[in-house]
Structure formats: C-alpha cells, structure tokens
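Chemist: Sequence:
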Amino acid sequence: MHGRLKVRTSAEEAARKKLEQQQKVKMFRAAMGRIFEKKSAEEYDSEMMDLTAKLLGSNPDIATLWNLRRICILALKDSNTEDIQSVFDKDLGFTEMCLMVNPKSYCAWHHRCWILENAPTADWQKEVELCTNKLLPLLYPNVDDPSRPISEEKLKEELELVLTAAFTDPNDSSAWFYQRWLLGYSQPELDLATCRIDTNQSLAILSFSVPINLITGGFKLNVPCCDECSDTSKWMPATEGNTFDTTWIMKGSFIINEENGSTVTLTAPGEVKHVLNLHTVSREVAIGVKKPKFGYEFGSAIVDVLKAQLASCQELLEYEPDSKWTLLTAALLMKAIDRRGYYGTIRQHLAKLETVDALRQGYYLDLASKWIQFFARSARTY
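Reading the sequence shown from the start, the letters are residues 109 to 490 in this note's numbering.
In short, the hints are calculated from the structure, not lab data. Just to be clear, a hint being listed does not mean it is correct.
Stated by the list, open to error - Only pairs whose alpha carbons sit at most 30 Å apart, straight line, appear in this in silico BS3-like list of lysine-lysine:
#	residue 1	residue 2
1	K262	K415
2	K146	K185
3	K262	K432
4	K415	K359
5	K399	K342
6	K212	K264
7	K443	K415
8	K262	K242
9	K478	K399
10	K398	K381
11	K432	K398
12	K264	K415
13	K399	K359
14	K162	K185
15	K198	K242
16	K478	K432
17	K264	K478
18	K342	K359
19	K381	K328
20	K198	K212
21	K415	K432
22	K162	K212
In this text the structure is predicted, and so the values were computed from the model without any measurement.
Generate the whole structure from the sequences, applying the supplied hints.
Modeler: Okay, here's the thing in structure tokens:
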C-alpha cells in the first residue's frame, strides 16, 4: 500500500546486513592493500596518514597501523617540517576520537603516550583535565567516588553469579580470579590512625587510614590541647609534592595544654566525626595511637552466601581433592568467614597446594607467610 513503510522480513534484513558486511570487508582489504603497497615503497606521507586514519577510526585496535603512523610522523619530523607541532597536535586529537570509540584500546592509549612524549611541547595539564573529565568517566562510571564500596546487595549477586560460572567449568580460571577479587574487595574507611605532638622538636604528626587532602578536602580538625594544630591550612603532606597523603606534618612552636582536652577530632565532609584519644607522655609530648582494623568484615547476608559457597567447594573437593582452584578458593572463603576459627584448615589447604601445584610452591609459601602475619596482627586487636 502507498504511504506505508515497508517492513523488511528477517530474510531480507539478513541479506542486507550480509551485503553491508561484504562491502566493508572489500573496502578494508582495498585500503590495507594500498597501505602495504606504500609501506613496501617506503612512502610515509599524508596519504598514508589518511588511509590509516580511515581504518583506525572504526577499529583502533590494529597495532600495525599505529606503528605506520608513528613512522610517518617521525619522517615528517626528520624532514624539518616547519609546523611539526601541529602534526603532533592533530594526531593527539585523532587518538582522542579513537578512544571515544573504544576507551579500553591499548593501542590508542600507547600511541597517545608516544605522541605526548615525542611532541616538541606537550600540554600535560590539559591532558590531565581531558583524562579526568572525559576519558576516565567512560572507563569508570563511578570515577566521581571511586572509594564508594560495592553495596552488599550487589556483592551478593556477583558472588552467586560467579559461583555458577566456577562450577559450570571448574577449569575456567577467570571465574575463580573474579571470585577471589570479590572476596578481597574492601575499601578501608577513613579514620584517625596516629597523632604525635612534640614541643621539643617543634613537630606535630598526624596519620590517617587512607590518603586525604587535609587542606582543601573540606575537613575540620579540632585539637583542644594544641590550638595551632587545629588550623588545617598549616599542615603539609609528609611526601613532598603530594596533595593527598596518609601522613601530614606541621612544624612550629607548640604548647600542650592538657586542661583543654586530650582528644583529636576530625570532621569529614558530611559531618562524619572521627576521634583519637591522646596520652600525655610528658609536658612536651602527647601521643595517640588507634589500633588498626585488619581485613574486611562482611555483613551477615554476605556471610551466608560465603558459607554456601564454602559448602559447595567442600563437596567438589570430595570428588576432586587435588583441584588447586577449589583448594585456594576454599581457603579464601574460610579467611573471609572466620579467619580465626578456620586457621588450622587454611594452613592445611595452603600446605597441600604446595604439593599439588608445585610450580607455584613459592607463591603459596609467600601467601602462607603473609596470612600468618595477618592472623597474628588481627589476633592482637581482639
């Protein structure tokens, strides 16, 4: 009928897509043929740049074409082209376009780094702003708050999903690796760790559990026994050049007045307060230390999921007692559920892994050594 859009059948649509694909393949082969002709003739000119750009614009993961572009740029550079900077700037813009097509293209990122390192002048500040404002959000949608932990609901879903994948194909290492990452996932919370005020050395030191920007991060500091110490603008990061640091220092003349109070209070954005008690060692020195938290404590809902996964691992070990992935995962699950209660069994699993996976014996010995230290430190916090 007239005036009505024709709806293609599935057969017609398939034929159309096949024709389009054939045309794309034909164009790709023709372009690649021309590129290799020019390569054989060592014609590294503007035509070569245009040909490679057409192909890389739709598929930025062809490493050979990026290599040819670099040869072209070096040839232009050696020919003493007057405005060689514009050549580098233009190619920098081209890599940006390619990264918009595929933000995870290693080839495009490598070429972009090469451009910045070899250009006569590079605007590094502009590069930082571009990566922060445009490219990183494509790679990490949660870039505005990278420290925000995965919700327990989402963590539970992912653990259940990866368990299905792991037991569908026990030899698929990717599922086990992802499960291991989930089990080790934790973002340490901000807290005051240590504080030392020493009037003899005219020095104050303040440490946190995570790096922060104490000056411009919106933090408020209250140290009643040392009025000067409450001014965040006077503190400096311990590592020169850092804006974020775990340790901050202040140099100056201090007077410790214990009568005003013996606590340090940090108020974070959102009015979250963290308190550290100070102990006056002498009239000249006040020290405060908070015991660190080792490991990540999962909620009860997650622990139930982990227990179910441990039971599944133990069932699988009955059939395959020497399965290295299952032994290692069972040890990780035990560590996450109750590291103290399962301590002996965890050691047995790691010892067995040294035998069944002898090529990685050193790795398991190292892991056992780290976990022994971890257990010893965490035991002292109880």
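Chemist: So which of the earlier hints does this model not fit?
Modeler: 4, 11
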